[in-house]
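The chain contents come next:
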Amino acid sequence: MAKAEILSIPQRNLWEKIKTFINAELIHILAAILFLLLAIFLLYPILAVLIKSIKSPDGLTLSYYAKFFVKGYYFQSLLNTLMLGFINTVVCLTVGFCMAYLTTRGPLSLRKPLKFIAMMPLIAPPYLFAISLIILFGRNGILTMALGLKWSIYGFSGVVIAQTLAFIPLAYLMIENTLMSLNPNLEESAYDLGASETRIIRTITIPLLAPGILKAGLLVFVMTIAEFGNAAILGGRTPFLAPDTYQMIIGEADFEMGSVLSVILIIPCIIIFFLHSYLLTGKKFTTIGGKPVASEPRKMTPLVKIPFLIISCLAGLVILISFGVVFISSFTRLLGVKNEIVFSHILNFDSNRAIYNSIQVSLIAAFIGAIIGTLLAYVIVRGKFFGRTFIEMVSLSGFALPGTVIGIGYLLAFNTPPIKLTGGIMILALNCVFRFLAVGVEAGISKLHQINIEIEEASADLGANFMTTFYKIVLPIMFPAFIAGFIYTFMTAIVSLSAVVFLVSPGFELAAVKIFDAAAYGEIGIASATTMKLVVIVIFCMVILNYITKKTGFDVSQKKRSVTV
Amino acid sequence: MSSNQSIPMLMLNDIHKFYDRLEVLKGISLDVTKGELVTFVGPSGCGKTTLLRVIGGFTPFDSGEVILDGQRIDHLPPNLRDTRICFQNYALFPHMTVAENISYGLKIKKWKKNKIQERVEELLRLVKLEGLGGRMIDKLSGGQQQRVAVARALSLEPKVLLLDEPLSNLDANLRLTMRGEIRKLQERLKITTIFVTHDQFEAMSISDRIVVMKEGVIQQIGSPIEIYERPENEFIASFVGYVNFLDGVVERVDLRPDMATVSTPVGEINFVPERNFNVGDKVKLVIRPETINMSRSEPANGDNILQGEVEIGMYVGSLAKYTVQVKGERMIIDQTNPRETGIFKENEKIYLTIPKNIHVLRKN
Ligand SMILES: Nc1ncnc2c1ncn2[C@@H]1O[C@H](COP(=O)(O)OP(=O)(O)OP(=O)(O)O)[C@@H](O)[C@H]1O
Ligand SMILES: [Mg+2]
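Sequence order for the protein chains is G and V. Quick note on numbering: the first sequence equals residues 1 to 565 in the working numbering. Quick note on numbering: the second sequence equals residues 1 to 364 in the working numbering.
Quick caveat, the hints were computed from the structure, so don't treat them as lab data. All clues stand as given, with none of them false.
Within a straight-line C-alpha distance of at most 27 Å, the following computed DSS-like cross-link-like pairs (lysine-lysine) qualify:
id: 1; chain 1: V; residue 1: K159; chain 2: G; residue 2: K299
id: 2; chain 1: G; residue 1: K305; chain 2: V; residue 2: K109
id: 3; chain 1: G; residue 1: K215; chain 2: G; residue 2: K305
id: 4; chain 1: V; residue 1: K159; chain 2: V; residue 2: K184
id: 5; chain 1: V; residue 1: K139; chain 2: G; residue 2: K215
Computed from the model, here is a short list of chain V residues facing chain G with C-beta under 7 Å:
id: 6; residue: I85
id: 7; residue: F87
id: 8; residue: A91
id: 9; residue: H95
id: 10; residue: Y104
id: 11; residue: G105
id: 12; residue: I108
Bear in mind that the values here come from a model prediction, so they are computed numbers and not experimental data. A virtual CB, placed ideally from N, CA and C, is assigned to each residue, including glycine.
Just need the whole structure built from these sequences, with the hints factored in.
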């Protein structure tokens, strides 16, 4: 008996050792697996684009880039894109500031409705505005006909208007956030010292908000230049980088030039991504404690109030009209031309089929995305290994990268073995997972920061191993973040167009792509109806999110502010 | 000159303020003389900040008048009022230097550059921050920030200075120093000041007059001595320092010598009435802990001698605090200079002497 015992000990020791090792190293193993996934599904596709743009049959070459700069058309496209980004940013920030100022400083009765309108575009895919502008100002547009306009919405100005409307909420939310976090006593002190409202805005409000406004501006800029739908639908003969890339790949099958355009488009995005994270860590004005004071409605001087109101109301009106006409157009044979009520658009088989497909893809994406996001958040917050911040950066970068680029990347990367995914449904889902990973990761990180690490340590002290701790302590607390990540990924995935437009296979159309095609072929009714269906789905998701926020007290919408984006 | 003195610098007439249904100020009236420092004390939420904001013009109110130096200013926005407020969090402009903060108002009034510079230096000297004009705000300590806030508020020589808990963000020692400095500065500049605080001792030590507030109603206005020694009701008495209350009924009233006797649970107590009492009046005696005397042996002569037993003794250095049981009533007693009187032990039987000039409230 004694002998048997002696024999069995080393064996058990080995098993114990393996178990201990796994327990101790689980977080690192997890990190390694997650990093591998990020590398395959995010870094590799981007790399594939980069390589494609410099590889010729006889080695490396810069000739494609030379072509870009020599051929006036391409260069014009870059200039247009940057110009669009610049104008759009300025307009969005101006409108966003006016609206945010009114909803935080203006008359109480105005605050809620104005905020509601400012946020409305969030429930719509950005290209809703392209469609509404076509209905209003297109060749057969209501206003074009009614007023006999010579001006065509197809071109630079049309894209600017649509993009501005689409990105007002982004600018608004970020500026409102900074305005609300500004200690109202600062402005009041200036007021007290004799400053007029215009002077307060000029010398106190704007200087103190500058970092926030700059951040908002950078984001609007990146989002605008990367946005595909509006520019593709309304661009007409005006070249922009994102739609041109699509034209290169899908129209002309010129993968090399498509890749070059993508790389050119990435450069400003990456610069701004770093600038943005630098600003985030940059200096922040803090004041010493004291109770926060509710900002009481101040009597605004007409000098400020009237111009702010005019700008806000104008923007608000256009937003409302846009939703209105797209809604009406879903039930009209051809709004402005044949004004009769029909249900054929709403009941259209292809449209509903596309919606069904989109839901399917988005559900898969949301599920995988929420899991990976939660795990990534855990590894990023709790891991203590070298390269943690790198993992965080990579996982957040999906949002900063233009969808078209990721789309092309997937097309190039997963078209051939070892990982052949093209033509399937998984490539659509995975592409959404890794593009929108930031949402789940950020929600998870913020939730984890709320959990005291001591709870976990206490659990570990009590003898629970890593798995048990994670399962019993971390997961339940992380659950709201998981759900938030799930719904956000779903919401974003279902309306996203720019990447999937490269990846859909004939016979499996997605709603966003259907809208894009319908708009291009002038089937405005179907485009409108399909858009409205997406709007309804997004509203439904928001209601659920709202419910979760109320139920768990976890303010997901707060998170959204820093992430939407 | 004398007429100038008699017109109050600031008059509040029956000010009412509602937040929705909640009445936060319930008819506040007060005259503040030129050069006076008046302190508002009261528990959290009683409306002190709201009142300051009303005077400063930040908060619209429902009825009443604010009169500054003889003129109604209700309708004026803050930037046209000659009042200056210092918020509790100082609200210094974080993107400006100390000098830029202080000169903010001067620039608005279009002062000449060299005049501004002179004035800023004068103010920096005044608040003892010479040479720090070029610093950014976040490079200052809490006490220094507080001085900048005061300097900025004084820059345009306002008629009334409003300070909302200016010292509450400082640590205890600094608070004492700054308290003294603010008072000295205020007396030197003869600037009419309204000072809001939570801290009764701060109020006692700094004010010409104290206004005690509770739930939007002024409870009493008076000098620190009046408020402490002759509080008009139980709330004021217990808000300012600790008090032993004894309920009783007036038994006897003598006119010569002026003396009254109350029967209380601890026995009969004689006191010199401050006003007319009648036999049978229900009263409450307000006995401050430091006015009671303790001794081991029975004092030779005198009234109001009670016997008790020490329950808890606490030696705090400058004084010893005792809880003493007297016929089932628990009384708190402070013995100043405990080294001289000796330390009493727990369960020790002792004698108490209650002074005859105690304050007595009539119960309704
Ligand atoms: N903007 C506001 N909206 C609604 N109610 C308010 C507002 N500001 C203050 N109140 C309420 O008015 C009452 C008085 O508040 P106030 O800030 O004047 O009290 P306070 O005496 O300064 O308190 P503290 O000592 O805590 O500073 C409180 O009940 C408060 O909740
Ligand atoms: Mg207050």
